[in-house]
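Respectively, the protein sequence lines represent chains A and B. When we follow my numbering, the leftmost residue of the first sequence carries the number 1, and every step to the right adds one. When we follow my numbering, the leftmost residue of the second sequence carries the number 1001, and every step to the right adds one.
It is possible that part of the hints are untrue.
As the list claims (entries may be wrong) - Partner residues are not named here, just some residues of chain A that face chain B (Cβ under 8 Å, in silico):
(1) 91
(2) 95
(3) 96
As the list claims (entries may be wrong) - Once the Cα atoms are required to be at most 16 Å apart in a straight line, the calculated EDC-like pairs of lysine to aspartate or glutamate come out as:
(4) 155/A / 169/A
(5) 254/A / 266/A
(6) 90/A / 1095/B
(7) 1196/B / 1095/B
(8) 1176/B / 31/A
Everything labelled a hint here was simulated from the structure, so no lab data went into it. For every residue, glycine included, the Cβ atom is placed at its ideal position computed from N, Cα and C.
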Amino acid sequence: MPPLPLLLLLLCPRPPRAGATAYPAVISPQDPTLLIGSSLVATCTVSPDFHLKAEDLYWTLNGRRLPAALSTPLGPTTLSVALTHLNGSKQQSGDNLVCHSRDGGILAGSCLYVGLPPEKPVNISCWSKNMKDLTCTWAPGTEGETFLHTNYTLKYKLRWYGRDNTCQEYHTAGPYSCHIPKDLALFTPYEIWVEASNRLGVAVSDVVMLDILDVVTTDPPLDVHVSRVGDLEDQLSVRWSSPPALKDFLFQAKYQIQYRVEDSSEWKVVDDVGNQTSCRLAGLRPGTVYFVQVRCNPFGIYGSKKAGIWSDWSNPTAASTPRSERAAGGCDPKGGEQNTTLRRELKQFFGWVKKHAYGCSNLGIKLYDQWRVWLQKSHKARNQVGKECFPAISCSPRGSERRQDETGRPAPTRDHPRPPQPRRRGAGKRPGRSAAQGTGWGEVGGSWLGTPSFTPRSGEGSPQPRPARGDPAASPLHHQPEQPRG
Amino acid sequence: GDSWGIFTFLCAALCNLPALPALNCTEELGAGQSIQKTYDLTRYLEHQLRTLAGTYLNYLGPPFNEPDFNPPRLARAERVPSATVDLDLWRGLTDNARLAANYRAYSRLLCYLRALDGQAGTAELRHRLGHFCSSLQGLVLSIASVMSSLGYPLPAGPAAPPAPPGTTVAPNDFLKKMDDFWLLKELQTWLWRSAKDFNRLKKKVPPAVVTLRLEARGF
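Using the sequences and the hints given, assemble the complete structure.
Below is the structure:
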């Protein structure tokens, strides 16, 4: 049997190659792993083929030259460096400690991995979307775990039996998350935990026990529509449909609404919505744009009394409350509104209409035709016009909505037969205006494209002096017998 | 893996096309477009590489991401095929040799790129790497299709398949970082060079030549 050293030589795979000393120098330790705050003494030994001496060498760490005071020659071809109070690694691939020759050339390098062992991951929280899957998130134990690459593994098993399973789909809901897509059992609790490991150690979180049925959430409610309530200036009506999973899984849902004013970030929450799919918001500011969101919480899953987890909020839906009558007519642009020429023209046209439609029944049809022509021209652009701030435009087609009880509003007195059409908002409400509605003018909004309707809003029967607005549509109708208001 | 199987099948199928005389002219018709497509692909990859390399070098940390970083190319780094070539030699390359050099280089570069540390960096970096590898594979296939449409045989397999890990894998983490740096650098140089290679090839397969051939065959 050959002597031991020779045996070792035979076992070490060293493919012979030309210029076998391919490495000019060797650093020790090579790629060490260290705790934050510890110290390190490293040495760089130059290969004899390179004819370099210790005084020809210098060190850099992450590209920055280390002060000469830290370096000490240990021999003719060896230079050492002493580093103390090491900070966490600048990048997870390791700090680059490099030994250079005098002219800056790289002779050798060593990657320093400085960090902390992981701590127990905490705050494991899970939810199941429609009882089909399970997504869990957690938080790392400490900040220090970002210096080293820390591997997290989520494991789960059925309580009382079953073997450990490992979650495979990571980062689905953030960096510390995992998604279990299938093969989940109901009615038996699961034990779930997270293992964190890095170069310095391993840590296991506490075990969380949960039943899938207790952590069910759904998609947010669909088709959220917010619209005005007739002419009421302090109310909006919200309607939505329940998430489709509701039927499949036999649960009930309760809802929550939150709303805010356009230029505020404070949300008001309406909590007692119950399981209706519509709600009226009251006590709002007139002539303001509101954003509304709805979310849903499934409860009574398979008969249990427990609630689930609130869904995400639906995408915000915007609507505006009618402008108060006392305010000046027309729509003053609010902060968020764009001043396109189209809007200006529309406003001007409305202004003209208000001016000329008072007490003028025979004009109704002519105006209607003019409006029709104009509308067809700008139909496409109109669809892009936002929902806010048009005093008479409804935010969503509400064909089936009847005007609700108008608290404090006088009922319209109509002295002409009204064609049976769905009421449009504000149609002919003002007592002083009813004459102007002679030819079903107020109904016009309901019969066309659904959205606009005209309600002269400025003042109740007392004509206000209005500045003449240069609207081209005005000219053909200047022959009208009525005194223009402006 | 199985992508190589699909690839070899595709190449085998394409390689058999020249045997059918009736298809010769349609191949010529396709060659011009294929060359243009390959050229476009190299420009696109060059652009993608800039972002990928920036992110990856930041992950490696300074001095690797410093603009003037120039580490020594150690003997082991020679396994990455070099794009650098003598100008006269480059000019004198036949179309076949030019295409073959590109094909061989990218096949190997693709192999090495795929072997870049699977645990490297953030999920975002891994995702970018994966996306780039797919695009690079598209380039290799594109070059293969140009070669077969011009009637050239493909160079045998992914020439000199990368040696099994354990013998040529970098012996330490710092050397691996240097290998990664040179891999990205060579990739960049190759993409610059390929743009010029395919530009040159474009001029040698003009569409006018194709129409003449069509007439000659009485189509």
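Legend entry - Pair hint outcome, residue 90/A versus residue 1095/B [Cα-Cα no greater than 16 Å]: This hinted pair is violated, its Cα atoms lying about 48 Å apart.
Legend entry - Interface hint for residue 91/A, Cβ within 8 Å of any Cβ on chain B: Check passed: Cβ of residue 91/A comes within 4 Å of chain B, closer than 8 Å.
Inset, instruction - Measure nothing beyond the straight line between the CA atoms of residue 1196/B and residue 1095/B; if it is 16 Å or shorter, mark the hint as holding. - result: holds (13 Å)
Inset, instruction - Compare the distance between the alpha carbons of residue 254/A and residue 266/A with 16 Å, and conclude whether the hinted pair is satisfied. - result: It is violated: about 23 Å lies between the C-alpha atoms, which goes past 16 Å.
Legend entry - Restraint status (C-alpha distance of residue 1176/B to residue 31/A at most 16 Å): holds (11 Å)
Legend entry - 16 Å Cα cutoff - pair residue 155/A, residue 169/A: holds (12 Å)
Inset, instruction - Grab the minimum C-beta distance from residue 95/A to chain B and call the hint holds if it beats 8 Å, violated otherwise. - result: holds (7 Å)
Inset, instruction - Classify the hint on residue 96/A as holds or violated, based on whether any CB of chain B lies nearer than 8 Å to its CB. - result: holds (6 Å)
Hint compliance for this structure: hints 5 and 6 are not met, and every other hint is.
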